[in-house]
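Protein sequences, first through last, are from chains A and B. Add 551 to a position in the first sequence, counting from 1, and you land on the number used in the working numbering. Add 551 to a position in the second sequence, counting from 1, and you land on the number used in the working numbering.
Quick caveat, the hints were computed from the structure, so don't treat them as lab data. It is possible that part of the hints are untrue.
Since the list gives no way to pick one copy over another, a pair counts as held whenever it fits inside one copy or between any two copies.
Stated by the list, open to error - Below, in silico cross-link-like pairs of lysine-lysine (BS3-like), each with a Cα-Cα straight-line distance of 30 Å or less:
no., residue 1, residue 2
1, Lys839, Lys600
2, Lys839, Lys608
3, Lys859, Lys700
4, Lys772, Lys700
5, Lys772, Lys813
6, Lys627, Lys608
7, Lys566, Lys780
8, Lys700, Lys780
9, Lys859, Lys787
10, Lys844, Lys787
11, Lys579, Lys747
12, Lys787, Lys608
13, Lys609, Lys772
14, Lys772, Lys600
15, Lys600, Lys787
Protein chains: 2
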Amino acid sequence: MNYTFGVDKGGTTIKIGLFDNEYNLLDKYDITTVRNIDGSQIVIDTVNKIKEIMEDKKFSYDQLSGIGIAVPGPVKNNFIISTANINWNNFNVRESFEELFDEPVRIVSANDANSAALGEHIMMNSNSSNTVLITLGTGIGGGIIINNKILEGQTGVGGEIGHVPLDEFYNFECGCGRVGCSETVGSARGINLLVKYHLSEADGSVITTRSSAQQIFDAAKSGDEFALKIVDIYSKYLAKLSNTISVIITPATIIFGGGISKAGDFLINRIQEHYLSMVSFDSQRETKFKLAKLGNEAGMYGAALLLK
Amino acid sequence: MNYTFGVDKGGTTIKIGLFDNEYNLLDKYDITTVRNIDGSQIVIDTVNKIKEIMEDKKFSYDQLSGIGIAVPGPVKNNFIISTANINWNNFNVRESFEELFDEPVRIVSANDANSAALGEHIMMNSNSSNTVLITLGTGIGGGIIINNKILEGQTGVGGEIGHVPLDEFYNFECGCGRVGCSETVGSARGINLLVKYHLSEADGSVITTRSSAQQIFDAAKSGDEFALKIVDIYSKYLAKLSNTISVIITPATIIFGGGISKAGDFLINRIQEHYLSMVSFDSQRETKFKLAKLGNEAGMYGAALLLK
Numbered sequence: 552m553n554y555t556f557g558v559d560k561g562g563t564t565i566k567i568g569l570f571d572n573e574y575n576l577l578d579k580y581d582i583t584t585v586r587n588i589d590g591s592q593i594v595i596d597t598v599n600k601i602k603e604i605m606e607d608k609k610f611s612y613d614q615l616s617g618i619g620i621a622v623p624g625p626v627k628n629n630f631i632i633s634t635a636n637i638n639w640n641n642f643n644v645r646e647s648f649e650e651l652f653d654e655p656v657r658i659v660s661a662n663d664a665n666s667a668a669l670g671e672h673i674m675m676n677s678n679s680s681n682t683v684l685i686t687l688g689t690g691i692g693g694g695i696i697i698n699n700k701i702l703e704g705q706t707g708v709g710g711e712i713g714h715v716p717l718d719e720f721y722n723f724e725c726g727c728g729r730v731g732c733s734e735t736v737g738s739a740r741g742i743n744l745l746v747k748y749h750l751s752e753a754d755g756s757v758i759t760t761r762s763s764a765q766q767i768f769d770a771a772k773s774g775d776e777f778a779l780k781i782v783d784i785y786s787k788y789l790a791k792l793s794n795t796i797s798v799i800i801t802p803a804t805i806i807f808g809g810g811i812s813k814a815g816d817f818l819i820n821r822i823q824e825h826y827l828s829m830v831s832f833d834s835q836r837e838t839k840f841k842l843a844k845l846g847n848e849a850g851m852y853g854a855a856l857l858l859k
Numbered sequence: 552m553n554y555t556f557g558v559d560k561g562g563t564t565i566k567i568g569l570f571d572n573e574y575n576l577l578d579k580y581d582i583t584t585v586r587n588i589d590g591s592q593i594v595i596d597t598v599n600k601i602k603e604i605m606e607d608k609k610f611s612y613d614q615l616s617g618i619g620i621a622v623p624g625p626v627k628n629n630f631i632i633s634t635a636n637i638n639w640n641n642f643n644v645r646e647s648f649e650e651l652f653d654e655p656v657r658i659v660s661a662n663d664a665n666s667a668a669l670g671e672h673i674m675m676n677s678n679s680s681n682t683v684l685i686t687l688g689t690g691i692g693g694g695i696i697i698n699n700k701i702l703e704g705q706t707g708v709g710g711e712i713g714h715v716p717l718d719e720f721y722n723f724e725c726g727c728g729r730v731g732c733s734e735t736v737g738s739a740r741g742i743n744l745l746v747k748y749h750l751s752e753a754d755g756s757v758i759t760t761r762s763s764a765q766q767i768f769d770a771a772k773s774g775d776e777f778a779l780k781i782v783d784i785y786s787k788y789l790a791k792l793s794n795t796i797s798v799i800i801t802p803a804t805i806i807f808g809g810g811i812s813k814a815g816d817f818l819i820n821r822i823q824e825h826y827l828s829m830v831s832f833d834s835q836r837e838t839k840f841k842l843a844k845l846g847n848e849a850g851m852y853g854a855a856l857l858l859k
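So that you can see chain A by itself, here it is in the shape it has in the complex:
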């Protein structure tokens, strides 16, 4: 039996997954992210944990296929220019890890959102070789898989679909300093801004400006008209994002993940319905809309699958 580690580096927790030959998750471990000035402690702690697991599980370097590392920042050819959360700047991931092992170990690295996209893409087990993951959280994240490979782009910033310029109506401000980026409307924060904007139409609704995304979707499912209106605007907007991506790269599958995707088929079906009303090409109709399956383990799975 051979083993692969998938490591997902977060700002507070490092997730380490141990996988078998078939990329089944055998065990997972969390360690706390300790950030020193150059992020070297994170490397040391991770390598020590991996060595401990190898000792515990009694397997040798010969049985270790490699270690995949998902990183919260742009990665290009295993090199990172900067990460805000873990202090890796001008940082060669491969070399930094390799030198702490006693024997040669294969190390591969990618951006965490891109790794998550690869994880969902492969574990979805469809015939797709082109997949987009759209992660609906506080912002919009995601990743793009072209011909079964992560799209890194020329600079490692590929797939930053949260900043597709999409809105010229609401003009909500984006964290990047611009207005109109897809995540200004398409995120959890965006739903709340939609509620605020349309509040004068909320007569008789249970929704207030303090309602969470989940409460808004629950109300919509119960037939609350204002909530339904907000969900409809929101779905149409994500359909437009989907159509934009679809016309440019024609993926076989668009997968929705992140907290808001817990609204389930109720949301996905609405996005797809709007999408079908706006496509330019018949072949765009073949794009499948699916819910993500791996939750917050997607980055860890994807990291391991970088070795595939």
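Given chain A, work out where chain B should sit, using these hints.
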């Protein structure tokens, strides 16, 4: 010496280029497109012409590296579901050509706009491995190169950037039946529609609703204020298209081709200026804006370069 043919199939003319090992164009030939009901005449005529050239140039099948074929329709793995212009439907390009040669010949096929993108990408000879070609003609065409390969997408319709949903203000109708597609504003037709829309502001301008794109750019270059306004709106709009593509795939280079790109640096510099004012990520600033070099030979070059 080895030879490669690059064939660009158009609705009226088939361009055949003969290239050497280094993809230098040695000779080019035009034959008329004769469309019979199943498009088979096009295959016969092309193969006969290629055999004639081989005889004329006195080289054998051993010296033929292969034939690349650019096709005006979606191509996926050398297979075409339908083309409007040359009647190839459910058509295997590779097999259809192979069977007419006396000896084995390597045949590769791609969409013509995608081939043009590959041609410009390689002949531009930059360090870019990710390039987008935006062709500004009657509509907007183009192609996307990721890691030095054409992005076909799941269905062969990759890179249809003329239909990125981009406009919610003018709502000009698109040939695809939708409104708001990038080519409704960003094409030669789009410039004319912009002139019509803003005509009440045209006092003192030489521009009329019958002015060609070239006349509008010439007037703008001479300082005509209304023409400058139209060019500015147009450039900003293409900057938005560039930003949309850039955020999704972060190309190193965006190349502008097609008739309108003859406006030259006057246009490209304006697009880049607006682009720089709208990007979300510093690394997007590294994207280079360039003018296409191969003109209407780009598809023929790209077809040959499919063999590279």
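Do the hints match the structure? See the list:
no. : hint               : verdict
1   : Lys839 with Lys600 : neither (39 Å within a copy, 44 Å between copies)
2   : Lys839 with Lys608 : neither (40 Å within a copy, 51 Å between copies)
3   : Lys859 with Lys700 : both (10 Å within a copy, 21 Å between copies)
4   : Lys772 with Lys700 : neither (37 Å within a copy, 45 Å between copies)
5   : Lys772 with Lys813 : within (13 Å within a copy, 55 Å between copies)
6   : Lys627 with Lys608 : neither (33 Å within a copy, 46 Å between copies)
7   : Lys566 with Lys780 : neither (39 Å within a copy, 54 Å between copies)
8   : Lys700 with Lys780 : neither (38 Å within a copy, 43 Å between copies)
9   : Lys859 with Lys787 : neither (36 Å within a copy, 43 Å between copies)
10  : Lys844 with Lys787 : within (23 Å within a copy, 40 Å between copies)
11  : Lys579 with Lys747 : neither (41 Å within a copy, 64 Å between copies)
12  : Lys787 with Lys608 : neither (50 Å within a copy, 59 Å between copies)
13  : Lys609 with Lys772 : neither (51 Å within a copy, 74 Å between copies)
14  : Lys772 with Lys600 : neither (45 Å within a copy, 65 Å between copies)
15  : Lys600 with Lys787 : neither (45 Å within a copy, 52 Å between copies)
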